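K.L.:
For reference, the chains in residue letters:
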Amino acid sequence: MSEFQPKIVTFLCNWCSYGAADLAGVSRFQYPPNMRIIRIPCSGRVSAKMILHAIRSGADGVWISGCHPGDCHYIEGNYYARRKFYLLRELLAHTGLEPDRLQFSWISSAEGVKFAQVAQEVIQTITALGPAQRLIKQMPDAVAEVA
Amino acid sequence: MNMIRVTKQAVATALAKASKSYAIAGPVKAGAGHEFRCLGQGQVPDLEYTHTRLSPKSLLFPQAEPMFHFKLPETTGEPGDTPPAFLEAESFKEAPLAVVGLRPWDARALDLLKLNFDSPDYTDPFFIKRYNAMVRVGLADIHPDPENFSLAAGSGPFDEASVDILLADAGDAFIGKVITGKGRDFAGAAGFEPGSPDDAKAFAALKAAAEKEADILPACDRINDADTLDLYHADFWEAAAFSCINCGACTFACPTCWCFDIQDEVNQGKGVRLRLWDSCMTDLYSAHASGHNPREKGFQRFRNRFMHKLKYFPDKYGAGIMCVGCGRCITQCPGGIDIREVMAAMNAAAATVQQEVSP
Amino acid sequence: MTTATKERAENALQEKIQEKIRGIAATLLENGTVDAVIGYSRGSLSHMTRAIMAKTREDAQKLVFNSHCRMNLAAYLTPELMEKACAGKDRAGKVAVVAKGCDSRNMVIQIQENRYARDQVHIIGVPCTGMLDKAALARGVEQEQANCATCIRRNPVIHDDLAGDPVPETDPDKDRFADVAKIEAMAPPEKAAFFDDLVSGCTRCYACRNACPLCYCPTCFVDEARPQWVGKTVDPTDVMTYHLVRAFHDAGRCTDCGACEAACPMDIPMRHFTRKTIRDTVTAFGCEAGTDPDKRPALDRFELKDPEGFIR
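The listed protein sequences correspond, in order, to chains A, B and C. First residue of the first sequence: 1, per my numbering; consecutive thereafter. First residue of the second sequence: 148, per my numbering; consecutive thereafter. First residue of the third sequence: 507, per my numbering; consecutive thereafter.
Hints are computed from structural coordinates only; laboratory data are not their basis. Please note: incorrect hints may appear among the correct ones.
[Said to hold, decoys possible] For lysine to any residue, the following SDA-like pairs were computed, each having C-alpha atoms within a straight-line distance of at most 20 Å:
(1) Lys417/B / Lys688/C
(2) Lys444/B / Tyr582/C
(3) Lys444/B / Asp382/B
(4) Lys688/C / Ala93/A
(5) Lys417/B / Tyr582/C
Values in this document were obtained by computation on a predicted structure and should not be read as measured data.
Work the whole structure out from these sequences, hints included.
P.N.:
The structure is reproduced here in structure tokens:
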């Protein structure tokens, strides 16, 4: 499995984790390049449909990172996100997806070290799971057998 | 008359024989009910079935049909290196498909679908190739469901008009008639035995009994002559549609609903253009790109469906109503809508208008 | 009590309720308290009822209540209907609605979500003893709907009239979530296979969505085109994505009224999705959707001590 390089769609909150990624970069903290980062206004902005869309399009994992509880730029967006992601992770696990394909973290913009460290952990965890098998959209490639 | 007979034990052997020259489809158990499926080697259709929840239209008009594939070509990325995108049309397997156990009204519905897919203006290659390659081994319904009104809708439990062979369950054997040349070929390939004059009598008796049992339609005789706009503006539509939740259950179950949508699915430089079943019950079906929707309200979409089936279609094609009376929409409607009652309401509305006009 | 006696008792109860509904509806319409009454009427099939909007005393006599009132009438309370009810009047329209326990819970949520105001609806509450399962009836078996067997609010949570004496609630200590636990005990591949099989007959007709009083987004995510979140085919991933997002969208709001399953023409038990979110909402957040008009739905509030063991 050492050959396998997972693709991880990463949603980073503009006000914290995105800054942390920036800080990790300028500070030259190393982490593997398996992430495709999408900047979002708040972890609360991420919907189930976005996560599932990433997976159906070929992501092996999805990582969402927002502000620490109490630090939300919008006061409480991350608290709602926490409830939402808890239920979503449970529901997806219930229907057969490996729960570790979904990763969550709280990283402030000052935590460049933590960002690089969590990035490594996330990549390791998802690499260990291997390529995603479930909820991936397969392109119809032949005339569908009728009925 | 060309009677045939096959004992129930011999069905599997006969179909195995036929499968040397035909692909076979038929009703099989699926979930809590039955559905039509293409059968694998040795798989036998369940001819004791009563009805399928979905109609066999998917055998000619699949819910999702890839029309062609496309992909971006490999390019060096050098300026000027832009080879044309690659398109590949779908190819078809031409093997004839024998549908065994098709109900006569469902078979009629396939002919109604053909009016849309094979018109003087356009012949749909996907539909028509399958249509021509299909052999219809019908199975008469000796005990029609109470919601079935096919006899009154221009077909019936023993309708011979749209099948190549019509079998009927006579206890330990299926007896039936070969109706067309296609049917004769299939009967030969399957090695069906010739039937006796007694079989012919038994067949006629079964037919008489089933037709006696069949429900009669509420009259829709006046709809034909009624003015389209009078019916359209009739005041019963909103109340009749109230219970309708505008889902697509009726349109997807319906053997004669033919509307489709075209979608492109693209992923990483390659894609496929798909033709998918669509439903006039949904808001998106009639929504314009401008944002305007001529059938914005649920009852308008409800009205359109029934006007299409019972008024626009007969007016346009002169082939009777676009309903074969299978009763699927009646049993499956979550809101309890019954097309027979809508017909009656339309007919009554037509009658009122006509009375007002006539001196 | 034997099953037969119990059934007779229930039928008698339902008949009494039906008479009361008719009486209340007629009075409300006659004295102008409401512009219309939304209720159940007889359908053309013996095991079906049909939603109607009664506007006159005569209409009110068509209202019925029996074990086939599976649809949730809260789903019919659309802005379009509210607007129609007040057409030609110089005040906001007001409609009366026949509501079972679960339906009233959905109305609590609709009101919390500002779908309409509490004073726009007059709730004719119905103490409910459960509905008969449509899929089982098709097999010739009379059996209670699965959601009714684990119902926690047989009596309406909010109401303006009550069409019958309250019925005893079911045992609150009963293990309501045995169905969820059974699936949770499976290994992941088994779970995947179970749910793949569950939705394999789905035709994407959206009867479950349209029957749901909580599915009222102006544009449903399945209809969104840019970006298109989910394909429109009946490919297993598209179907599963639809069911997952639909269930998740109802997380913390679903009252387990069972209208989705009752509406499904293919008899898909899609409550297995929502049951999981209901159970988690109860265990993790202590919320029972729509049981308290003063409490926002679970995903519309939070507590500092909410579980976060899954967050790095």
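K.L.:
The structure should be examined with respect to each hint, and the outcome stated for every one.
P.N.:
Consistency of the hints with the structure:
1. Proximity of Lys417/B to Lys688/C is assessed by CA-CA distance (about 42 Å); at most 20 Å being required, the pair is judged violated.
2. For a cut-off of 20 Å, the pair hint linking Lys444/B to Tyr582/C stands: about 13 Å separates their Cα positions.
3. Taken as a hint, the Lys444/B and Asp382/B pair is honoured in the structure, with Cα atoms around 15 Å apart against an allowance of 20 Å.
4. The suggested pairing of Lys688/C with Ala93/A holds, with an alpha-carbon distance near 14 Å, which does not exceed 20 Å.
5. Distance restraint check for Lys417/B and Tyr582/C: the Cα-Cα separation of roughly 43 Å exceeds the 20 Å cut-off, and the hinted pair is therefore not satisfied.
In summary, the structure is inconsistent with hints 1 and 5 from the numbered list given earlier, while agreeing with the others.
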